[in-house]
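K.L.:
Residues per chain, in single letters:
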Amino acid sequence: MRENCRTFDVAVVGAGPAGLAAALAAERQGSRVLLIEREARLGGILKQCVHDGFGLVRFGEKLAGPEYAHRFLSRLSGTSIQIAALTFVSAIKKTDLFGLELVSAHGLETVLSKTIVLATGCRERTAQQVAIHGTRPAGVFTAGSAQYYTNILGKLPAKRCVILGSGDIGLIMARRLTLEGAKVLGVYEAKSVPSGLPRNLAQCLHDFDIPLYLSKTVTRCFGDARLTAVEIADVDENMRPIDGTQQILDCDTLVLSVGLIPENELAETLGVALDSATKGAVTDQDGHTSVDGVFACGNCVHVNDLVDYVSESGETAGAAAARYAVGTRKSIPVRTSDNLLYCVPQKISITKNNGEVVLYFRVKRELQNRRLTVRLEERTLLQKNYKQMRPPEMERIAVKLPETIGENETLYLQLEVNG
Amino acid sequence: MASIQKINRLLASEFMGCVEARQERAHLLLTGACADWREIVRAGYLAAKHNPLAGVVNKIEWTGGEIPKTRIPETRDNSLDGLAPDVMVIGGGVVGCAIARELTRKKLSVLLVDKEADVALHASSRNDGMIHPGLDIKKSSQKYHYNRLGNAMFEKICGELQVPFKRGGQYLCFPKKIPVPALYATKLYWAYMGIPSRVLGKKRLFQEEPGLRRDLGSALFFSTAGSVCPYGLTIAYAENAIQNGARFALQTAVLGMDVTDGTITAVRTNRGTLYPKVIVNAAGVFSGDIAAMADDQFFSIHPRRGTNSICDKKYSDAIARQHASTLFTGHSKGAHTKGGGVIRTVHGNLLLGPDAAESPEKENFATAQASIQTVLAKQVKTSDKLHQGRIITYFTGIRASTYEEDFVVCRGRYTKNIVHAAGIQSPGLTAAPALGVAVAQMAVAALFDITGIAPRENPKFNPVREAIPNTAEMPSDERAALIAKNPNFGVIVCRCEEISKGEIIAALQRPLPCASIDGVKRRVRAGMGRCQGGFCGPQVAKIIADEKGIPLEAVLKSGEGSELLFAPLKTRAEEGGGGDA
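Chains E and A, in that order, are what the protein sequence lines are. Heads up, the first sequence is in my numbering, so the first residue is 263 and it goes up one at a time. Heads up, the second sequence is in my numbering, so the first residue is 45 and it goes up one at a time.
Rather than coming from a laboratory, the hints here were simulated on the basis of the structure. Quick caveat: nothing in here was measured; it's all calculated off a predicted structure. Note that beta-carbon positions come from the ideal geometry of N, C-alpha and C, so glycine has one too. Treat the hints with care, since some could be wrong.
Said to hold, decoys possible - Cβ-to-Cβ under 10 Å is the rule here; a few derived chain A residues that face chain E:
hint	residue
1	E407
2	F533
3	C540
4	E604
5	P612
Stated by the list, open to error - Stretch-level coverage of chain A by chain E, calculated; a stretch enters the list once three of its residues show a Cβ under 8 Å from a Cβ in chain E:
hint	region
6	202-208
7	435-444
8	514-527
9	570-576
10	581-589
11	592-601
Taking the hints into account, I'd like the entire structure generated from these sequences.
P.N.:
What follows is the structure in structure tokens.
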């Protein structure tokens with residue numbers, strides 16, 4: 263290898279909550295760690311989340327986004343972690359080590375690393391990706407962009423605003439824009455049930471008298487320079503607009519909270535296998551992807567609703583990357599019953615005994631009174647009862663694995679009617 | 045005239061007496077009233093087909109609705125009042141900008157006006173960027189003539205203007221039921237048309253293009269097809285024209301003209317009255333309106349909309365070369381479109397489309413889901429890898445079609461000091477370099493006829509326009525050297541397209557400034573990727589504000605009135621805070 267290249271044990275791509283946790287966990291294991299961040303400041307999207315509610319699971323208190331990030335950032339200074347901020351990974355090439363090609367104001371640099379931890383997060387789905395048509399004026403923003411303009415740049419993106427999508431960012435922006443003096447005409451949701459957390463529905467909409475309209479979507483934009491109105495239509499059960507139900511609503515801004523897409527373009531160039539349900543990498547319980555030495559964590563694996571679990575997956579992947587040794591891997595698949603949308607991890611490594619594994623999963627639709635059974639072939643490992651299960655709420659369970667697992671076994675998650 | 049009577053008989057039977065044709069000067073004039081726009085267009089085609097005169101002017105009134113008025117900039121000043129340029133070019137599309145650039149080869153005062161805030165905002169940014177070999181145009185047409193000349197000029201012009209261009213060729217694919225020998229038989233026709241062609245059997249076709257649909261059996265391959273960034277080329281022409289002395293006045297709309305004894309004596313705009321010696325009409329979909337103002341209308345433009353979709357770059361496995369389309373018997377019969385196809389843009393995205401729909405509206409660029417689906421349904425016949433999930437954005441363009449379906453490239457017929465480059469639709473982009481040269485010559489000839497003076501060569505003319513550096517495409521050593529010189533070229537702002545802050549700042553400092561989010565996007569592609577500016581939009585806005593020394597709330601998305609943001613938040617103002625959050 264080139265001798266003048268900086269060499270690391272673990273290179274973490276992205277310094278949001280997942281990447282920060284991964285870097286800290288890897289360094290604690292004694293690894294030489296490089297933490298690479300595209301933006302000038304670390305913390306990822308947490309920087310623009312000035313609302314509270316972060317850290318309830320992890321720290322037992324309600325923190326604002328920047329405060330939550332600070333819990334991790336403050337620990338960086340005492341470590342040997344090298345930070346490359348305002349640095350872009352233009353390519354990763356695999357030889358005997360991974361060669362990361364970095365671009366920054368300092369120039370071009372290739373660094374080498376034994377392992378990669380991808381913590382690249384998500385991007386937002388755009389108006390074009392949810393088939394909103396009509397004109398293309400100013401005043402159509404994704405919720406994250408609107409949040410950046412409001413909270414980081416300190417400017418108001420809206421005066422009279424329609425929000426499409428009842429995901430958490432949409433709900434939070436409804437409250438934020440109202441607090442800043444904008445009129446939020448309503449939050450429109452194409453699904454028949456809201457997508458956000460119940461606490462956000464209560465605290466962001468109900469407390470501010472912002473109406474929520476279900477089974478309705480925005481189909482068209484009007485206006486040439488600035489948005490002047492949107493067309494709203496009822497949708498059928500397949501979320502297709504119903505002809506004849508269209509109504510026109512005057513507004514200057516449309517904020518879209520219509521879903522997040524895990525960013526896996528770097529992962530794809532490395533040949534990492536992706537899961538069509540999560541749109542993220544297929545991983546084992548260590549966050550190890552299908553490519554040896556490439557780990558993934560946080561929202562680029564699957565979209566989480568709580569940052570606490572993002573940090574948890576970062577710690578797991580970071581520590582595992584630090585322990586990584588080249589060798590043959592053996593794993594068994596994780597299968598779910600049809601009423602589950604997905605389970606992460608999708609595989610369980612049986613190369614070494616991991617003891618306890620954490621499983622994250624979501625249901626496909628709202629369900630009541632169910633019992634989850636986790637079994638290894640015929641051996642039941644865990645059973646848990648759920649009163650209420652909703653797709654927006656990710657479930658997390660920790661399962662103790664037996665000491666020996668056969669190569670041909672399968673781990674099943676089965677959700678059935680209780681009783 | 046007997047044949048006008050025949051046209052009237054046809055019109056009477058087809059349109060039940062509500063449409064009438066008569067000769068006006070040397071062209072045919074249609075009058076009457078009709079509630080169905082498609083019928084008005086059909087009457088125009090019918091008249092053109094049997095027209096014994098040269099040109100159809102369709103003045104049938106549409107009673108089915110109201111055609112929106114042409115959008116005119118709100119700005120009113122006298123910044124151009126009293127100017128008397130040698131040549132005034134109306135329209136900043138690729139053709140107008142090419143003409144302006146070619147005119148600067150002579151010692152002339154050249155002024156180009158466009159009513160929009162940037163060049164290439166209509167058809168020249170709303171097309172598929174394909175450089176056509178000229179497959180389905182009549183050999184006797186102006187389209188054929190200029191397409192053939194223009195196509196051959198692309199290596200040279202894109203070299204001089206430093207615009208990326210790829211000549212990857214075009215496949216015309218056929219289903220299995222078409223026997224391969226039948227394709228060999230067509231080679232005679234292509235030879236007659238002067239278009240190099242090659243026949244590919246199934247095996248060869250799938251070797252070259254494994255992403256095509258498996259039920260295709262053969263293809264014709266045309267190596268002279270290519271791909272260019274259409275607005276990139278327009279901007280480059282404009283910049284080079286300005287570099288060589290042309291003046292560009294944007295947000296300048298022509299409102300009327302004074303015509304006396306077959307001569308335009310004055311041109312009224314929202315920025316004052318001008319007295320150009322020669323006028324060039326390159327006003328695209330408005331070229332009929334400009335001709336009417338000049339009292340020189342002998343053709344009509346009827347707008348035809350078309351929508352294209354663009355796929356994420358990472359899904360470009362459907363087509364390896366430039367362009368592929370599939371011809372099924374009868375599929376394009378009667379439809380006035382080349383049928384579109386799957387096009388690999390010069391930037392590596394696949395572009396699907398366009399469709400075609402007649403519309404009375406000249407600048408309604410709204411899209412509709414139905415046209416996306418129509419195009420997709422057609423293009424999956426070429427590659428079944430395509431689906432809606434791969435599309436990252438879409439756009440509508442409006443073609444400036446005449447009823448003769450040909451370009452109008454000539455000196456004025458009734459008015460002496462006008463030259464038309466009108467009715468330019470596909471393959472107008474391909475033809476543009478040739479149209480630039482030819483129309484500039486016509487304008488110079490008109491100037492000579494009027495003044496008796498032949499302009500001298502411009503000794504300072506420099507054909508080379510230096511492009512904005514594209515750091516992601518540069519060799520590493522060159523890129524490293526650039527960053528060492530200016531670290532901003534190492535700060536990546538647009539992650540999807542890997543565009544640096546240095547490139548964005550450079551876009552703001554060009555000969556033709558356009559300090560808007562969309563202006564930057566068209567110049568350096570920041571925001572063109574899969575996140576569509578979700579991440580870089582705010583950053584680009586901030587860079588524009590910083591570079592221009594304006595508040596963020598004054599930053600525009602595109603033209604006037606498109607401010608992105610409102611005044612600072614009230615809470616911040618009250619707290620007296622703000623700044624770095």
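K.L.:
Establish whether the coverage given for the region 435-444 of chain A by chain E is satisfied; the threshold is a Cβ-Cβ distance below 8 Å, and no fewer than three residues must meet it.
P.N.:
Check passed, 5 qualifying residues.
K.L.:
Check, residue by residue, whether the region 202-208 of chain A contains three or more positions whose beta-carbon lies closer than 8 Å to a beta-carbon of chain E, and give the verdict.
P.N.:
Not satisfied, violated; 0 residues make the cut.
K.L.:
Taking 8 Å as the Cβ threshold, is the statement that the region 570-576 of chain A is covered by chain E upheld or broken by the three-residue rule?
P.N.:
Holds, because 3 residues of the region 570-576 of chain A bring their Cβ atoms closer than 8 Å to Cβ atoms of chain E.
K.L.:
Does E604 of chain A meet its interface restraint, that is, does its C-beta lie within less than 10 Å of any C-beta in chain E?
P.N.:
With Cβ-Cβ at 7 Å, under 10 Å, it holds.
K.L.:
Return the status of the interface hint for C540 of chain A: holds when the least beta-carbon distance to chain E is below 10 Å, violated otherwise.
P.N.:
Where the cut-off is 10 Å and the nearest Cβ of chain E is about 8 Å from C540 of chain A, the hint holds.
K.L.:
Taking 8 Å as the Cβ threshold, is the statement that the region 592-601 of chain A is covered by chain E upheld or broken by the three-residue rule?
P.N.:
Coverage by chain E holds here, the residue count being 4 at a Cβ distance below 8 Å.
K.L.:
Given a cut of 10 Å on the nearest C-beta pair, is the interface hint for F533 of chain A held or broken against chain E?
P.N.:
Constraint on F533 of chain A satisfied, holds at 8 Å.
K.L.:
Holds or violated: P612 of chain A as interface residue toward chain E, Cβ cutoff 10 Å?
P.N.:
OK, holds: P612 of chain A within 10 Å of chain E, min 6 Å.
K.L.:
Going by Cβ atoms only, is E407 of chain A closer than 10 Å to chain E?
P.N.:
holds (8 Å)
K.L.:
Within the assertion that chain E covers the region 514-527 of chain A, do at least three residues meet a Cβ-to-Cβ distance smaller than 8 Å?
P.N.:
holds (count 6)
K.L.:
Count the residues of the region 581-589 of chain A whose Cβ falls closer than 8 Å to any Cβ of chain E, and tell me whether that reaches three.
P.N.:
holds (count 4)
The structure is inconsistent with hint 6 alone, although it conforms to all the rest.
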